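Number of protein chains: 2
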Amino acid sequence: MVQGKVFFTFTEIIFTQTKVDIIRPTFILNEKICRRNIRQMTQKAKKNNLIFRPHFKTHQSETIGNWCKETGVNKITVSSVQMAEYFANAGWTDILIAFPVNLPEIGQINNLLQKVKLHLLVESDYSTNYLNKNLAGKTGIYIKIDTGYHRTGIASNNFNEIKKILKIIRNSGNLEFTGLLTHAGHSYNCKSKEEIIKNHDDSINQLKIIKNYFYRDFPDAIISIGDTPSCSIARDFDGTDEIRPGNFIFYDVMQSYLGSCKVNDIAVALACPIVAKHPERNEIVIYGGAVHLSKEFVLNNKKEKVYGLVVKLNQNGWSEPLSDSWVSNLSQEHGIIKVSKNKKLFESLNIGEIVGLLPVHSCLAANLVNNYKTINGDIINKL
Amino acid sequence: MVQGKVFFTFTEIIFTQTKVDIIRPTFILNEKICRRNIRQMTQKAKKNNLIFRPHFKTHQSETIGNWCKETGVNKITVSSVQMAEYFANAGWTDILIAFPVNLPEIGQINNLLQKVKLHLLVESDYSTNYLNKNLAGKTGIYIKIDTGYHRTGIASNNFNEIKKILKIIRNSGNLEFTGLLTHAGHSYNCKSKEEIIKNHDDSINQLKIIKNYFYRDFPDAIISIGDTPSCSIARDFDGTDEIRPGNFIFYDVMQSYLGSCKVNDIAVALACPIVAKHPERNEIVIYGGAVHLSKEFVLNNKKEKVYGLVVKLNQNGWSEPLSDSWVSNLSQEHGIIKVSKNKKLFESLNIGEIVGLLPVHSCLAANLVNNYKTINGDIINKL
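So the sequence lines, in the order shown, correspond to chains A and B. All residue numbers for the first sequence refer to my numbering, where the first residue is 5 and numbers rise by one. All residue numbers for the second sequence refer to my numbering, where the first residue is 5 and numbers rise by one.
Everything labelled a hint here was simulated from the structure, so no lab data went into it. Just so it is clear, the structure is predicted and the values come from calculations on it, not from any experiment. From the three backbone atoms N, C-alpha and C, an ideal C-beta is built for every residue, glycine too. Check each hint, because a few of them may be wrong.
[Unchecked claim] BS3-like, lysine-lysine: derived pairs with alpha carbons at most 27 Å apart:
id, chain 1, residue 1, chain 2, residue 2
1, B, 309, A, 195
2, B, 121, B, 137
3, B, 195, A, 307
4, A, 48, A, 23
5, B, 215, B, 168
6, B, 307, A, 307
7, A, 167, B, 309
8, A, 307, A, 50
9, B, 307, A, 306
10, A, 307, B, 137
11, B, 342, B, 306
12, B, 345, B, 307
13, B, 142, B, 167
14, A, 309, B, 309
[Said to hold, decoys possible] Away from chain A, derived, C-beta distances all over 10 Å, residues of chain B:
id, residue
15, 23
16, 24
17, 67
18, 155
19, 304
20, 351
21, 358
22, 371
23, 375
24, 382
25, 386
Just need the whole structure built from these sequences, with the hints factored in.
Quick look at the structure:
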């Protein structure tokens, strides 16, 4: 339905230039950009001889999963047992749950094992022991290594703990060692592409040392890395066997700040109605808040918090970000946009019209909605 | 189902002391505390001769709404048209949508008008004009006044804009002036109870001046205030006609920091399984992240970010917060708990066990789940 149409029966016509009917905060997906992001990462993986096991926690959608399948993807990563169940039901047969295994879900895990080639992630002999005793069938095991992010994982120099785990695996009937896994999430704190590449190289080197150490016993163990900044920016993947980026599928403002993508690689925007204007402080208020975008922010070069960039919606998607304009604050449903001091721009944004916001963290924003709407109005269902 | 039971078939028994089966992040509600919070605020409103129009955006639940109804509540506040539709269907007949009216939803608003006594919020002559021309029936109108929060609303000294709006209302067949409304959200930045009370008094005084100014034309206009800190802490409501707190129903860590409540007034906790331990840095890793708690944080007295407090779950709910322990970081599904240097405490928290987290902002955390589980295992449905 054309947006204008809704209002023709009313005295004033409110007009948005999108092809679809938007009346409240709506998560919009540009399929063309999304498919281009998938294609580029698939090609990069092929070119570097890497297994491509994309992380599906960003989109959580069967349809978008199928776009990956079309480029040849046949292994995937998820972050929860529920997500694994969803994608198993959607026909995926090789699934890694890249989260330290949650033992209370052992019943659900054993059900999944009957359906798919499942891989779990461990980082302690305690959990490995538990799996060894309670798993109902063959399961791939990745060991999580901390290469510097310090969120979780075994410190890369803690050979003792790794040895203990490998000993359990070696003597186990069901556990099969798939390989070493890291998420070098400290790439998100890097200040330049060079630093991200250094971080990436350093991470791989730590994993290579461990791999070599255990090579005689486990020659087929792979090295698997994850974060989108490294996978997007690095050119050298020597020593790596597998990549698992997730965010690249949508990208976002944070990734564009890091240099992982350009702003026109961002495939999603939150469409939000304008509800109030405050010319005295160059602010407009939108219907669109923390419950739609999450409270994730980045700092701009003046150290101001940026919760999103602002675009104008059009027939083909959206414009470049409006210059000197950004989402400066969010509460539950309110968003505040600081608009450039360009008076013309401020005046062109009217109450009742719909603007687009590029999210700072697309994974969290996507997680907040029940489905996506493409710029052509198709509904893309998700978990 | 008793938690232990699930695991009796396995080699190792994982034991949580809750009455209910918890295997993944689960939003737990203590009905007794929640009903006590409702009762206390209802009594405070009665004692001060105030209309009590609680904000239902915090819980978004028909069942919890009914607990309010049992104490005599018959008017409610919501923050979206969708929430208004949900509670209209649940039998509520007097509903205020306390968000600057979203004009593109005029069709949905007109449908609602047929069912309930609806009140809308305006803050510009533009929106008021639009409503005047397009509303299909009698509608209560609140004018949003900015008494210092500066998120949105008409500055309290901008009599010109208020006059313009009241002129449209006076000449309108459908618009009826209910009163002046403020959300003194700057109370959240206050450093002490005294400052919150000062803020509250100052806010009411600004509204009283406006009310007096227009008293001859609108003698029945009410003064409506909202924020939970003021409603919880203030004792003097002279001049106020209505209160609309929302968060008080659950409270949270932020409110306890502000002094609006004690930690044992917090009615909700997120139950999270422990998935990893890092004794070298006194950290445990839980399955429970930004997608369960939101990324809202408060700063403790050492200026460290606190995303939640930690409790032990038991048969009657949960313990007092564990001393010197807090959620220090969150990513999508990972939570990091900094545990007190008390070695015994650290050792008592084991992989596979379930701990409770008191949320920093219960509205955002509650919004992230599809339902609540009471400590007795009942499911409380929500929007």
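Given as non-interface: residue 24 of chain B, partner chain A, CB spacing beyond 10 Å: Check passes; 12 Å lies beyond 10 Å.
In terms of Cβ atoms, is chain A entirely out of 10 Å range of residue 304 of chain B? Consistent with the label, residue 304 of chain B stays out of reach of chain A, its closest Cβ about 18 Å off (over 10 Å).
Is the hinted pair residue 142 of chain B and residue 167 of chain B satisfied, with a Cα-Cα distance of at most 27 Å? Between residue 142 of chain B and residue 167 of chain B the Cα gap is close to 21 Å, so the pair holds against 27 Å.
Has the given pair, residue 48 of chain A with residue 23 of chain A, been kept, meaning a C-alpha gap of at most 27 Å? Roughly 33 Å separates the two Cα atoms, so the pair is violated.
For the pair supplied as a hint, residue 121 of chain B and residue 137 of chain B, confirm whether the alpha-carbon distance does not exceed 27 Å. Given pair residue 121 of chain B, residue 137 of chain B holds - Cα atoms ~19 Å apart, limit 27 Å.
Compute the least Cβ-Cβ separation between residue 371 of chain B and chain A, then decide whether it is above 10 Å. At about 5 Å from chain A, residue 371 of chain B fails to clear the 10 Å cut-off, so the statement is violated.
Regarding the pair residue 167 of chain A and residue 309 of chain B, is the alpha-carbon distance no greater than 27 Å? violated (36 Å)
Is residue 307 of chain B close enough to residue 306 of chain A, meaning Cα to Cα at most 27 Å? holds (22 Å)
Please settle this one: residue 23 of chain B was flagged as non-interface, so is its CB more than 10 Å from every CB on chain A? holds (16 Å)
Is the claim that residue 386 of chain B lies outside the interface with chain A correct, judged by CB distances over 10 Å? Answer for residue 386 of chain B: holds, closest chain A Cβ roughly 13 Å.
Outside-interface status for residue 351 of chain B - nearest CB in chain A farther than 10 Å: It holds; residue 351 of chain B is separated from chain A by about 13 Å at its closest Cβ, greater than 10 Å.
Residue 342 of chain B and residue 306 of chain B: Cα distance at most 27 Å? Judged against 27 Å, a Cα distance of about 14 Å means the pair holds.
The earlier numbered hints that this structure contradicts are 4, 7, 8, 10, 18, 21 and 22.
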